[in-house]
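Participant: Those protein sequence lines, which keep their order, are chains Y, H and X.
Taken in order, the first sequence gives residues 1 to 137; the numbers are from this note's numbering.
Taken in order, the second sequence gives residues 1 to 275; the numbers are from this note's numbering.
Taken in order, the third sequence gives residues 1 to 81; the numbers are from this note's numbering.
Hint data in this document are derived by calculation from the structure and do not stem from the laboratory.
Note that beta-carbon positions come from the ideal geometry of N, C-alpha and C, so glycine has one too.
Keep in mind that a hint or two might mislead.
What the hints assert, rightly or not - Straight-line alpha carbon distances no greater than 25 Å define the calculated DSS-like cross-link-like pairs of lysine-lysine that follow: (1) Y:K37 / Y:K127; (2) X:K24 / Y:K37; (3) Y:K127 / H:K2.
Said to hold, decoys possible - Far from chain H, some chain X residues (derived; all Cβ distances over 12 Å): (4) E4; (5) F38; (6) S58; (7) I63; (8) R74.
To be verified - Under 10 Å between C-beta atoms, here's a sample of chain H residues computed to sit facing chain X: (9) N53; (10) V73; (11) V80; (12) Y152; (13) S160; (14) G162; (15) V169; (16) G172; (17) I176; (18) M258; (19) I261; (20) S266; (21) S267.
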Amino acid sequence: MDDLISLIVARYNYWVYIVLMMIGFYAMIVKRNLIKKIIGMGIFQTAIILFFISIGAKRGSTIPILIESHPGKEFVVHAADYINPLPHVLMLTAIVVSVATLGVALSLAVRIYQKYDTLEENIIHEKTMKVHSKKRG
Amino acid sequence: MKTVGLSAILIVGILLVYGTLDFPDWGDPSSPANRYVSQDYIENALHDISVPNMVTAILADYRGYDTLFETVVIFTASLVCFFILRTKRKAPEARFYRHIPTGITLKIEKGGRLPEGSFEFERIDSIWIPHDLIVRTGCRMVVPFVQLFALYVVAHGHISPGGGFQGGVIFGAAFILYALSHDLREGLSRFNEKTAILLCSTGVFIYAGVGVLCMLLGKNFLDYGALASLLGVESALARSHGILAVEIGVGISVMAVMVSIYYNLSSAGKQDEGL
Amino acid sequence: MSWELDILILTLVMVCGIGAVTVKDLLGASILFGAYSFMMCLLWAIMGAVDVSFTEASVGAGISTVLFVSAIFRTTRKTSD
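Excised from the complex, chain Y in its bound form (with noise of 0.2 Å):
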């Protein structure tokens, strides 16, 4: 029992990432809207990010700033006073590419509109099932 309790406090931050990730997992596949799809995709990415990050963490130490900018000769840096800079670097880059992606979809949700005058998922379907049809037959 007490193996399992210093498991939990160890590891909790993990899995209420997971839940998140799949809150907006869940949206993109169960929601008929257009935009909630586009805000579950939106949800995902940040969770992901938020997984990376907390992977860089460490205990006791300070961002990631150096302290001295202009230091003498026997200024030694310590790796372990710093929190992991490499994470934040690669997490800048996927926001970066989460936002044009935004702007993309959000772009492709507008031309659907224009062309179908709906957003719901279901009715976009059938009104391309009967264009085709017609096409065929």
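Chain Y is fixed; fit chains H and X onto it per the hints.
Facilitator: For chains H and X alone, coordinates are given in the frame of chain Y:
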């Protein structure tokens, strides 16, 4: 559909939770992610590059190739929005004008048109909201300070949190604020669409141009140490100046991309009436 | 920082996330998505990622919300789902 969705997320969720049982503890300083390469980066950043902000140093110097292609990705996104949405400006069926002294609105059908620049009539959108004096004047006073702050964030990215991308987004947000509080047509007259797309490509050109300049001076692509002979300073300071030039390129590009995506999205391509 | 603050902000994040997906009015959903982005930004600032938090505050809680609202302005606001 709902049962399929629920069962999918339960299966994937349980698999992921089973995978976290192998993970190192949260906040462990000796986990495998915190050793090897990042230890080298933390210990050598000040000595090699003389930039205290480690995230900017890694982003623009140690991993500069990734950042070049990130800028290309966001430039491509603005081009895609342009190609999907932009349509030709057809003559609208009816234009609406408002007589300023009395407040009467006119609707002129196809073919007729009042002369531009007349002082008594102003052109309004088909979904007209009365322009509030307080909102207009307040936003007009705030916009220069926002732009100044954006320039500070770009220039100070070496020492404090910030950098090219954050400053570019804030600068673009200042233009979007101007276009929101006044009319979209006024925003277009200050910063038109051709300038926006030209500036997007100029930013990427500056970034790649610095890399090619380093190659012409004898070293590898994007190795800023080659600029030491051009600027006449030592190698660590030359890398710091190379990072500044690259960040300015990224900032210009990101600013133009944000404004261009907003123009295309809020007018659904016609760039006639906006939010 | 203290773990109580962590748990409070994580609960708020989950509530905002579930709310953004469930609400039937699309404008309300996009505003809740903006609030979710801002709570994430606070969480990263607590964990020490100041650059990422700055970027998410300007991009997620700023530009992303404006783009959603202008897309909803050009399409419809109601949804049945």
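Participant: At a threshold of 10 Å, is the proposed contact between G162 (chain H) and chain X supported by beta-carbon distances?
Facilitator: holds (7 Å)
Participant: Say whether it holds or is violated: S58 (chain X) keeps its Cβ farther than 12 Å from all Cβ of chain H.
Facilitator: violated (5 Å)
Participant: Can you verify the interface hint for V169 (chain H): is its Cβ closer than 10 Å to any Cβ in chain X?
Facilitator: At 5 Å from the nearest chain X Cβ, V169 (chain H) passes the 10 Å test, so the hint holds.
Participant: Hint G172 (chain H) vs chain X: min CB-CB distance below 10 Å?
Facilitator: holds (7 Å)
Participant: Tell me if the interface restraint on N53 (chain H) is satisfied: Cβ within less than 10 Å of some Cβ in chain X.
Facilitator: OK, holds: N53 (chain H) within 10 Å of chain X, min 8 Å.
Participant: Can Y152 (chain H) be said to touch chain X, with a Cβ gap under 10 Å?
Facilitator: With a minimum Cβ separation of about 13 Å from chain X (threshold 10 Å), the hint on Y152 (chain H) is violated.
Participant: Identify whether the interface hint at I261 (chain H) stands, where standing means a beta carbon of chain X within less than 10 Å of its own.
Facilitator: OK, holds: I261 (chain H) within 10 Å of chain X, min 7 Å.
Participant: Beyond 12 Å from every Cβ of chain H: is that where the Cβ of R74 (chain X) lies?
Facilitator: R74 (chain X) is in fact no farther than 12 Å from some Cβ atom of chain H, at 5 Å.
Participant: Could you check if S160 (chain H) really has its C-beta closer than 10 Å to a C-beta on chain X?
Facilitator: holds (9 Å)
Participant: Over 12 Å from every CB of chain H: does I63 (chain X) meet that, or does the non-interface label fail?
Facilitator: violated (6 Å)
Participant: Decide if the proposed pair is consistent with the structure: K24 (chain X) and K37 (chain Y), CA atoms, cutoff 25 Å inclusive.
Facilitator: holds (13 Å)
Participant: Taking the least C-beta to C-beta distance, is S267 (chain H) closer than 10 Å to chain X?
Facilitator: holds (8 Å)
Going through the hint list in order, the structure does not satisfy hints 6, 7, 8, 10, 11 and 12.
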